[in-house]
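If you read the sequences in order, they're chains X and U. Position one of the first sequence corresponds to residue 1 (the working numbering), numbered consecutively onward. Position one of the second sequence corresponds to residue 1 (the working numbering), numbered consecutively onward.
Misleading hints may appear alongside valid ones.
Since the list gives no way to pick one copy over another, a pair counts as held whenever it fits inside one copy or between any two copies.
[Unchecked claim] In silico SDA-like pairs for lysine to any residue, Cα to Cα no more than 20 Å straight-line:
| hint | residue 1 | residue 2 |
| --- | --- | --- |
| 1 | Lys90 | Tyr281 |
| 2 | Lys250 | Tyr281 |
| 3 | Lys90 | Pro113 |
| 4 | Lys90 | Gly31 |
| 5 | Lys90 | Met58 |
| 6 | Lys173 | Pro192 |
| 7 | Lys250 | Pro113 |
| 8 | Lys4 | Gln204 |
| 9 | Lys168 | Ala20 |
| 10 | Lys90 | Glu104 |
| 11 | Lys34 | Thr5 |
| 12 | Lys90 | Pro112 |
| 13 | Lys90 | Ile56 |
| 14 | Lys34 | Ser231 |
| 15 | Lys90 | Gln126 |
| 16 | Lys250 | His261 |
| 17 | Lys90 | Ala47 |
I should point out that these hints are in silico values taken from the structure, not numbers from a laboratory. Quick caveat: nothing in here was measured; it's all calculated off a predicted structure.
Number of protein chains: 2
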Amino acid sequence: MNNKTMDVTGIGNAIVDVIARADDAFLADNGIEKGAMNLVDAERSNAIYERMGSGIEMSGGSAANTIVGLAGLGGQGAFIGKVKEDSFGKVFRHDIIAAGVRFETGLSTSGPPTASCLVLVTEDAQRSMNTHLGACVDLGPEDVDEDLIRASKTVYLEGYLWDPPRAKEAFLKAAAIAYGSGGKVALSLSDPFCVGRHREEFLQLVERHVDILFANEDEITSLYQVSDFDSALQAVRGHCDTVALTRGAKGSVVLSGGEVHVLDAEPVGKVVDTTGAGDLYAAGFLFGYTQQMDPVRCGS
Amino acid sequence: MNNKTMDVTGIGNAIVDVIARADDAFLADNGIEKGAMNLVDAERSNAIYERMGSGIEMSGGSAANTIVGLAGLGGQGAFIGKVKEDSFGKVFRHDIIAAGVRFETGLSTSGPPTASCLVLVTEDAQRSMNTHLGACVDLGPEDVDEDLIRASKTVYLEGYLWDPPRAKEAFLKAAAIAYGSGGKVALSLSDPFCVGRHREEFLQLVERHVDILFANEDEITSLYQVSDFDSALQAVRGHCDTVALTRGAKGSVVLSGGEVHVLDAEPVGKVVDTTGAGDLYAAGFLFGYTQQMDPVRCGS
């Protein structure tokens, strides 16, 4: 991988989060599935926003967070994702570039606004997300910079990319270029509801296109429609070179070269917020992977 | 004040803060006065933003923060301030209404964008602010809702209103209506640099128009161009019904009805952030004042 100057290029939904506190009654009254990423249209996004409390805004997006985390660890990262040239779009572009990530996707000048995710945080530290994909629906294969993909050791994709209509075409183009130039393809399953929406396509991807798969317990059991982790583990074995499965307090399991490695989690105190834990696990793993560490060390 | 259904109506600059960490070298390299509110034009705002790190965005503005604080205490508050109908303007309007504040100022549909304040937080917890007034320059007397002012027990103004060109006309209109309807007028001096920019006008205001004056030690000594707090105290005596002077860890001094009341501060641990301390002191004071508490209790 000597001609590879970029460690990881992520492709994902480019989103600005709007984060506010809420109580369970608010979620129930507004039909918001707790702890899930709910997709909402513009009208529903506006309706929830009008009712919710004062918030703070910050750049988000699953794969974007992973690449920002990778850059923070000292890795070379790039991101491809679509925002509009509006205030939130400028915030997203500023923040990801300021974090040291290469970001050169053109901003759309017409069409829907930059994607937003209304994040409602309840007392129990769960986050209920309401994503309006906005400008993300404009991401397509024309946004994939071929030279960048050829220069990348790994291309990383979030499962959420299957929600907007043409982003999967961008992924397939990027994956083809990566294979043709000796790069690896990594995929995160994103969340169990996302797996439910796109199970057949994800199963095909995992069998054919993906070298490194990231999933948590809920996601991998949803993918194979099995009730326990061990059955999922048996089902996924052999499909990808490397599979990194996170289990929260139970630690993680890394499948690599046919071997199963069980890693314990470090004990922590009270967990106040699990948001981004999966995104940052992937950041750490990919950093180690692209520095050619042993996959077991990558997962710890 | 029986016909007064609104406790406090604030008039101020309507701003969205963009908050990021920075080091002293960044401030020096970019010519930013540490701990101050620096006024910047659009070009300089953009230049600083491009160079600064990833941020979070939240609604701000001095008088706006005070009215939000008042509403949080259970008071009836309204706010008059100008934003544009852009993403940040919608964020500002949403947040202040969600906090329980009446906000009916029309959003501008052309002209400069919603005001932003690039807040750079250094290790020592100081905040160096870079405010681009944007749409605030469009605030004028036509934005003062006469019925609202007549219904308000107190009209509260921030000294920063003297920076945009026509906002002071809005203030003078509101003050005249307040006097004519038995309301009180309160003013915060905002910061010592603001006092330096508008000293002559502030001195006249304090002598003629203001019933309740809020200032900290630096602001009141700057107003009277004296070197110590006691001299400033003697200078301001007799000019306003009520003067509330804050001194950080030294507590506060309230002048009321010719009497001087010294209040000790509650001891606190390490101070990590003093932003908004003055805004929230004013919120607490005005809440007590409009509930007809004794002024000394208001200041504690």
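These are the hints, each one checked on the structure:
1. Lys90 - Tyr281: neither (27 Å within a copy, 35 Å between copies)
2. Lys250 - Tyr281: within (14 Å within a copy, 47 Å between copies)
3. Lys90 - Pro113: Both: 11 Å inside a copy, 13 Å across copies.
4. Lys90 - Gly31: Classified as neither; 31 Å inside a copy, 24 Å across copies.
5. Lys90 - Met58: both (12 Å within a copy, 15 Å between copies)
6. Lys173 - Pro192: neither (25 Å within a copy, 58 Å between copies)
7. Lys250 - Pro113: The answer is neither: 40 Å in one copy and 49 Å across copies each exceed 20 Å.
8. Lys4 - Gln204: Neither. Shortest intra-copy (27 Å) and inter-copy (68 Å) distances fail the 20 Å Cα cut-off.
9. Lys168 - Ala20: Intra 31 Å, inter 34 Å, cutoff 20 Å: neither.
10. Lys90 - Glu104: For lysine 90 and glutamate 104, the Cα distance is within 20 Å only inside one copy (13 Å; across copies 28 Å).
11. Lys34 - Thr5: neither (41 Å within a copy, 39 Å between copies)
12. Lys90 - Pro112: Both ways: lysine 90 and proline 112 sit 15 Å apart in one copy and 16 Å across, limit 20 Å.
13. Lys90 - Ile56: Classified as both: same-chain Cα gap 16 Å, cross-chain 13 Å, threshold 20 Å.
14. Lys34 - Ser231: For lysine 34 and serine 231, neither the intra-copy (27 Å) nor the inter-copy (59 Å) Cα distance is at most 20 Å.
15. Lys90 - Gln126: neither (28 Å within a copy, 26 Å between copies)
16. Lys250 - His261: Result: close within a single copy only, 13 Å intra versus 60 Å inter.
17. Lys90 - Ala47: Result: close only across copies, 13 Å inter versus 24 Å intra.
Violated hints, in rising order: 1, 4, 6, 7, 8, 9, 11, 14 and 15; the structure is consistent with all others.
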